[in-house]
Structures are given as structure tokens and as C-alpha cells.
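Each chain is listed here by its residues.
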Amino acid sequence: MNEDLLIIIPAFNEEKSIGQVLEGLKTAGFANITVVDDGSSDQTKKIAIENNAKVLAHPVNIGVGGAISTGIAFAKRHSYKYAITLDADGQHAIKDVEKILQELKNYSADIIIGSRLSQLRKKYPLKFTVNLFSNLFVFLLSGKYISDTQSGLRGLNRKAIEKLEINTSGHEYCSEIIVSAQKQKLTIKEIPIEAIYTDYSKRKGQKLSNALNIMVKLLTHEF
Amino acid sequence: MSFDIIHCMNVFQIIFSLIIVILLFRLIRNTSKISKNNLDIIALPFFIILGLIVILFPDTSTVAANFFGIQRGADFIIYTSIIIGFFAIYKLYIQKLTLEKKLKEIATKIALLEKNE
Numbered sequence: 001m002n003e004d005l006l007i008i009i010p011a012f013n014e015e016k017s018i019g020q021v022l023e024g025l026k027t028a029g030f031a032n033i034t035v036v037d038d039g040s041s042d043q044t045k046k047i048a049i050e051n052n053a054k055v056l057a058h059p060v061n062i063g064v065g066g067a068i069s070t071g072i073a074f075a076k077r078h079s080y081k082y083a084i085t086l087d088a089d090g091q092h093a094i095k096d097v098e099k100i101l102q103e104l105k106n107y108s109a110d111i112i113i114g115s116r117l118s119q120l121r122k123k124y125p126l127k128f129t130v131n132l133f134s135n136l137f138v139f140l141l142s143g144k145y146i147s148d149t150q151s152g153l154r155g156l157n158r159k160a161i162e163k164l165e166i167n168t169s170g171h172e173y174c175s176e177i178i179v180s181a182q183k184q185k186l187t188i189k190e191i192p193i194e195a196i197y198t199d200y201s202k203r204k205g206q207k208l209s210n211a212l213n214i215m216v217k218l219l220t221h222e223f
Numbered sequence: 001m002s003f004d005i006i007h008c009m010n011v012f013q014i015i016f017s018l019i020i021v022i023l024l025f026r027l028i029r030n031t032s033k034i035s036k037n038n039l040d041i042i043a044l045p046f047f048i049i050l051g052l053i054v055i056l057f058p059d060t061s062t063v064a065a066n067f068f069g070i071q072r073g074a075d076f077i078i079y080t081s082i083i084i085g086f087f088a089i090y091k092l093y094i095q096k097l098t099l100e101k102k103l104k105e106i107a108t109k110i111a112l113l114e115k116n117e
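Quick note, the sequences are listed as chains A and B, same order. Under my numbering, the first residue of the first sequence carries the number 1, and numbering increases by one thereafter. Under my numbering, the first residue of the second sequence carries the number 1, and numbering increases by one thereafter.
No lab work stands behind these hints: they were computed from the structure. Just so it is clear, the structure is predicted and the values come from calculations on it, not from any experiment. Cβ atoms here follow ideal geometry from the backbone N, Cα and C, with glycine treated the same way. All the pointers check out, no bait thrown in.
Straight-line C-alpha distance at most 35 Å; calculated DSBU-like pairs for lysine-lysine: (1) A:Lys-159 / B:Lys-102; (2) A:Lys-163 / A:Lys-105; (3) B:Lys-115 / A:Lys-159; (4) A:Lys-163 / B:Lys-115; (5) B:Lys-109 / A:Lys-99; (6) A:Lys-183 / A:Lys-76; (7) A:Lys-185 / B:Lys-109; (8) B:Lys-101 / A:Lys-159; (9) B:Lys-109 / A:Lys-163; (10) A:Lys-159 / A:Lys-183; (11) A:Lys-185 / B:Lys-102; (12) B:Lys-109 / A:Lys-159; (13) A:Lys-76 / A:Lys-127; (14) A:Lys-127 / B:Lys-102; (15) B:Lys-101 / A:Lys-144; (16) B:Lys-101 / A:Lys-54; (17) B:Lys-102 / A:Lys-16; (18) B:Lys-115 / A:Lys-54; (19) A:Lys-185 / A:Lys-159; (20) A:Lys-144 / B:Lys-102; (21) B:Lys-102 / A:Lys-189; (22) B:Lys-101 / B:Lys-91; (23) A:Lys-46 / B:Lys-102; (24) A:Lys-144 / A:Lys-99; (25) B:Lys-109 / A:Lys-45; (26) B:Lys-109 / A:Lys-46; (27) A:Lys-54 / A:Lys-95; (28) A:Lys-144 / A:Lys-189.
Only part of the chain A face toward chain B is listed, based on derived beta-carbon distances under 7 Å: (29) Leu-56; (30) Ala-57; (31) Pro-59; (32) Ile-62; (33) Ala-73; (34) Thr-220.
Distance windows between CB atoms, simulated: (35) A:Lys-183 / B:Ile-41: 32 to 42 Å; (36) A:Lys-183 / B:Phe-16: 48 to 58 Å; (37) A:Lys-183 / B:Asp-59: 51 to 61 Å; (38) B:Lys-102 / A:Leu-212: 18 to 28 Å; (39) B:Glu-114 / A:Arg-121: 36 to 46 Å; (40) A:Thr-220 / B:Ile-48: 22 to 32 Å.
Sequences and hints are given; from them, build the entire structure.
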């Protein structure tokens with residue numbers, strides 16, 4: 001099942017959640033799962049191997065953007081038709097991964113982004129506000145308004161796998177992908193998803209204070 | 001107890017001049033290690049010598065300030081330092097980003113190579 005799809009999971013010290021995430025994906029029938037171990041010092045790599053995931057290991061910690069870039073390079077090299085990226089902290093539901101895959105198979109766009117917009121607006125106003133500023137910033141850079149530029153759940157078709165360029169190595173990759181997609185004339189579609197926020201995933205997620213750093217890095221890369 | 005300001009200034013001038021001479025000497029000895037950029041090789045000794053001139057002849061900063069329409073030499077030095085400092089930080093930041101990018105490429109290559117083995 002889903003032989004032409006590669007699931008890419010960037011992971012840095014995720015021993016507490018990675019096993020459960022992989023178990024869920026396997027149960028749902030996703031065969032090709034790649035964990036990009038971004039220089040973890042815990043048991044992440046071991047647990048991923050035990051769960052029959054392909055493991056690409058960075059020798060040192062680079063950042064989530066670097067891990068996604070490695071995963072996409074792997075998908076390109078092995079000619080996967082689709083790639084879906086998701087977080088290792090367990091915040092993405094399997095049903096949403098399936099929704100993204102369905103959209104990719106329906107050729108609705110080159111890039112499908114799982115948007116947490118309505119959930120953030122209702123339950124996490126601070127995160128929603130910071131996200132809104134990020135969205136406006138990305139809009140200024142790319143000319144494309146995306147309601148959740150920072151979502152980690154994304155689907156790419158073959159064209160996007162081939163054409164996307166990620167030069168940044170940290171969380172700014174989320175925005176960079178949109179800017180790069182616009183330059184490469186790739187189409188983007190958003191579909192609503194429901195993120196599962198636990199104390200663990202909240203702790204592991206992006207820090208709000210990182211927003212300014214991301215903006216400076218993106219500006220430096222773009223100009 | 002009287003405090004001889006002029007004498008004190010001279011002491012500071014001597015100390016700062018010595019520091020600058022040592023800095024210049026180390027810079028000349030290690031130019032190739034510090035930078036391969038031609039602009040750096042010219043600019044660094046230039047600013048160090050400029051600093052030495054300002055310390056030994058403080059009035060020169062006022063002359064330069066007046067040339068740019070600024071009244072006090074001290075203000076001119078502060079403005080110039082801010083601009084140079086900002087430029088230096090920006091340059092270091094760009095270098096850091098370039099290194100990060102190279103590190104990312106190397107990490108990706110190693111990860112893919114190990115997977116192929």
C-alpha cells in the first residue's frame with residue numbers, strides 16, 4: 001500500500017514519541033517511512049530502526065529544515081511520486097496524513113499544507129497571532145497568502161520534490177518552501193487539519209520568541 | 001590631593017597606543033590566518049592606524065567631524081564606530097549563515113551516503 005509515497009519524519013531527541021508515531025503510521029498501512037535523525041543524543045535512531053523505518057542520520061544537529069532537506073533529497077534520489085512530511089512529536093493525526101495523500105493523488109496541487117488555522121484561532125490565540133504575523137511576512141516575500149505557514153504536515157508531489165530548494169536549516173524552512181514554491185511556479189493548496197497538542201508536543205514545538213530570528217534569517221537569504 | 005587630568009590623559013594615550021601597536025603587530029603577523037579577503041587586509045590595518053592617529057592627535061577627529069558637518073570629534077567617533085560595528089556584525093552573520101548552509105549540505109551527503117552503504 002502507498003508504495004509510491006515516502007513519509008519523512010525529521011527527529012531530534014524524540015525517543016518519547018517516535019515509536020508511537022511510527023506504530024500509528026505502520027498500522028495505517030504506510031510502508032515507506034524515513035526518519036531523518038538530526039544528530040539525536042538519545043535512543044531516537046535505535047527506536048526508529050526497531051520500528052522498521054529507514055533512518056537517515058545526520059552526524060550533528062543541523063535543524064529541522066536540514067532534516068527535511070535530507071528527506072526530500074532521498075525522495076528525489078529514489079524517485080518517489082509523493083512525499084509527506086510530519087512532526088515526530090505526535091501532533092499530527094494519521095487521518096490527516098491520509099487526507100493529504102488523497103489530495104496529492106487527486107492532483108489538486110503540487111504542495112498540500114495541513115492548516116491548523118481554525119484550531120489555533122479558537123484555542124491558542126497567542127500562537128495564532130504570531131502565526132498571523134509569519135503569514136503576512138511570507139506573503140510580503142512570496143506574494144502568496146497561506147493561513148498556516150508554520151505547519152509541519154505537508155505533502156509534495158513529484159514536481160515539487162524535484163523543484164523545491166531548501167537552503168535554510170532551521171524552522172525558517174517552513175516559510176522558505178512557500179517562497180521557493182512561488183518562484184518555481186508550484187501550486188499550493190491548504191486543507192484543514194486538527195493538531196494533537198500534548199504537553200510534550202507543546203514543549204518540543206517552535207518557541208514563539210524564535211519568530212524574529214526566523215524573519216531575519218529569511219530576509220538575509222532572500223536579499 | 002590634586003588630580004592631574006593632563007597627566008592622566010597622557011597615561012591613557014600611552015596605554016591605548018601600546019594596545020594598538022600590539023594589535024597592529026599581531027595583525028601583520030597573522031594576516032593570512034585572519035582573512036583571505038583583500039578588503040579586510042587593507043581595511044583592518046587602515047582602521048587601526050586611524051585609531052592610533054586619533055589617540056595621539058585627538059584634534060584630528062574634530063577636523064574630520066567638521067568635514068562631515070558634525071561639531072564634536074567624539075560624536076564623529078561614536079557614529080563611525082556604530083556604522084563599522086553594524087557592518088562587522090552583518091558580515092559575521094552572513095558568514096555564519098554560509099557555514100550553516102555548507103554544514104547542512106555535508107550532513108545531507110553523509111546521511112545519504114551512509115544509507116547507500
